[in-house]
Amino acid sequence: MHRLARASASSAFRRPPTHSRVFLCRPSTSSLRQLSTDPSNSSLPNELSESQLQDVEAIEEEESNHAFPDVMKPDPIHDDLLAMDFAPTKRTPHANRVVIRSVYEQHVNQMLEPDSAEKSENGAEEDDADEEGEVSPLSNLPLSREALGKLYKFQLISRRITQQTGKGKIHRQYALVVVGNGDGLVGYGEGKDEELPRASDKAFAAAVRNMDSVERFEKRTVWTDIETKLGSTHIILRPRPVGFGLRCNPNVHQVLKAAGIKDASAKVWGSRNPLNVIKALFRVLQAGNAPLAMGDGFGGKAKKLDKGSGLRNKSAVERDRGRKLLDLRTY
Amino acid sequence: MPLPYDLCARVQNAFRARHHKIAVDHTTQNLGILSILLRTGFISNVTRGTIESPSPTDFLRVGEAQRRIWAELKYRDDRPVLSDMELISRPSRRIFMDIGELRRICSGRRAQTIKPLGMGEIAVVRTKSKEHEWLEAREALQLNLDGEVICRAR
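As you go down the protein sequences, you meet chains H and L in turn.
No gaps in the numbering here: position 16 of the first sequence is 16 in our numbering, and each next residue is one more.
Remember, our numbering sits 331 above the position in the second sequence when you count from 1.
One or more of the hints may lead you astray.
Unchecked claim - Here are the computed lysine to aspartate or glutamate pairs in the DMTMM-like style, where the Cα-Cα straight-line distance is at most 20 Å: (1) H:Lys229 with L:Glu417; (2) H:Lys304 with L:Asp409; (3) L:Lys459 with L:Asp477; (4) H:Lys314 with L:Asp409; (5) H:Lys314 with L:Glu452; (6) H:Lys303 with L:Asp408.
To be verified - Heads up, incomplete: computed chain L residues facing chain H, CB under 10 Å, no partners named: (7) Arg370; (8) Asp408; (9) Val412; (10) Arg434; (11) Arg485.
In case anyone wonders, no lab produced these hints; they're calculated from the structure.
C-beta: ideal position from N, C-alpha, C; glycine also.
Take the sequences, apply the hints, and build the full model.
Pasting the structure below:
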């Protein structure tokens, strides 16, 4: 039978750890500023001036005041060890002792019950990682799992993309997902992976991080006719009356639905490339809090996707002008 | 008389270049349009002055050629308050609207190939009335006056 025992001060295995060896020596002039622990530097200089001697004495006093460990006494943290004694048996006729110097719970569990220890280790890892040991993209998001489940998400673009390398073509799946809470928050994210479901998850996580607010009139439509051009993609959005619905390009439809805009009409001229349509729409919908990126070196170059002031609501315009706006719309 | 396009271009470009004040020719047209911009809150100050400075006293001493109208421009949150100012009625195609058509563009419907006024957008109307010659579109509706729709600003 073996028993776990704490080592006592009189144990024969006691050996002072080598890292805390200290040599009390007079420091040389060259090493006055560092407390040298190398024994080769303990040579005295030929001459020491009075001021230097005083410095040396001051340092020695400091040294004596420091709490250097007394290596003759056992330190409760560093010298704590676990010793296990194995009595001689028929097969092993000699007394054996196992000493563990840095004690971990795992070691203790392994000693006592080796089978259960393996199971608990694996179980702890599976929660966060999958087979290959990667972290799921849906972890570390600012919303709880319940909140994430309630979001409206739609995969707008999915395609196979290729990276040409010297050793051949690397194919991956790309996904663009738009996410919104249906009440004024919307964002889009892109993700790439070998498999489409994982790329979609990455895109979903990116979209959740990119969500930003959208100004709505009566929580159902845009405030005014808005137009923008991104490359060859020209898009115009118009406010419409209650019950009109969303009559627009399918990509625009999903973004507006996620944002919580219920009545609008839109037209896309020129290029209808889905990615550019989505980018143009986000540029024109999301007002943002920061002013325009002017691109004069302060804050960097102007970015295409920051252009325009976005959709601003009536109170913002009223505040700018210092006047009330009269609304003469009949619908 | 210079075209209203001159004033539209100067005001728009000055806002985009983030100027503090601009000086335009001293005409009744410029005075009328700048007064409308002041009433609707696009600019903060309209003053008579000279080429040198917006000083009403100096304005009286100099001749007609040196007289100017100065307008002080408004910015908020690092954005210009006026972003676009365009002509509607051009010399090649004049646009005259009656009360019904003015009401249409003010209430969000198209009239005569002219797009309706969006939220926060204004239109300048020049009427035949002596008292009220230069009016904003909604003011013209209230006063029941029609005329030439000169320009729009937002």
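Hints, verified against the model:
1. Restraint check for Lys229 (chain H) and Glu417 (chain L): the C-alpha separation of about 19 Å stays at or below 20 Å, so the hint holds.
2. Restraint check for Lys304 (chain H) and Asp409 (chain L): the C-alpha separation of about 18 Å stays at or below 20 Å, so the hint holds.
3. For the hint linking Lys459 (chain L) to Asp477 (chain L), the alpha-carbon distance of about 8 Å falls within 20 Å, and the restraint holds.
4. Distance restraint check for Lys314 (chain H) and Asp409 (chain L): the Cα-Cα separation of roughly 18 Å lies within the 20 Å cut-off, and the hinted pair is therefore satisfied.
5. For the proposed pair Lys314 (chain H) and Glu452 (chain L), the alpha carbon gap of about 11 Å is at most 20 Å, so the pair holds.
6. The straight-line distance between the Cα atoms of Lys303 (chain H) and Asp408 (chain L) is roughly 19 Å, inside the 20 Å bound, and the hint therefore holds.
7. Interface hint status for Arg370 (chain L): upheld, as the beta-carbon distance to the closest one in chain H is roughly 8 Å, under 10 Å.
8. Against a cut-off of 10 Å between C-beta atoms, the interface hint on Asp408 (chain L) holds, since the closest Cβ of chain H lies about 6 Å away.
9. The interface hint given for Val412 (chain L) is met, as the beta carbon of that residue sits about 5 Å from the closest beta carbon of chain H, less than 10 Å.
10. Nearest Cβ of chain H to the Cβ of Arg434 (chain L): about 8 Å, under the 10 Å cut. The hint holds.
11. Proximity of Arg485 (chain L) to chain H holds as hinted, the smallest CB-CB distance being about 9 Å (cut-off 10 Å).
This entry satisfies every hint, going by the numbered hints stated previously.
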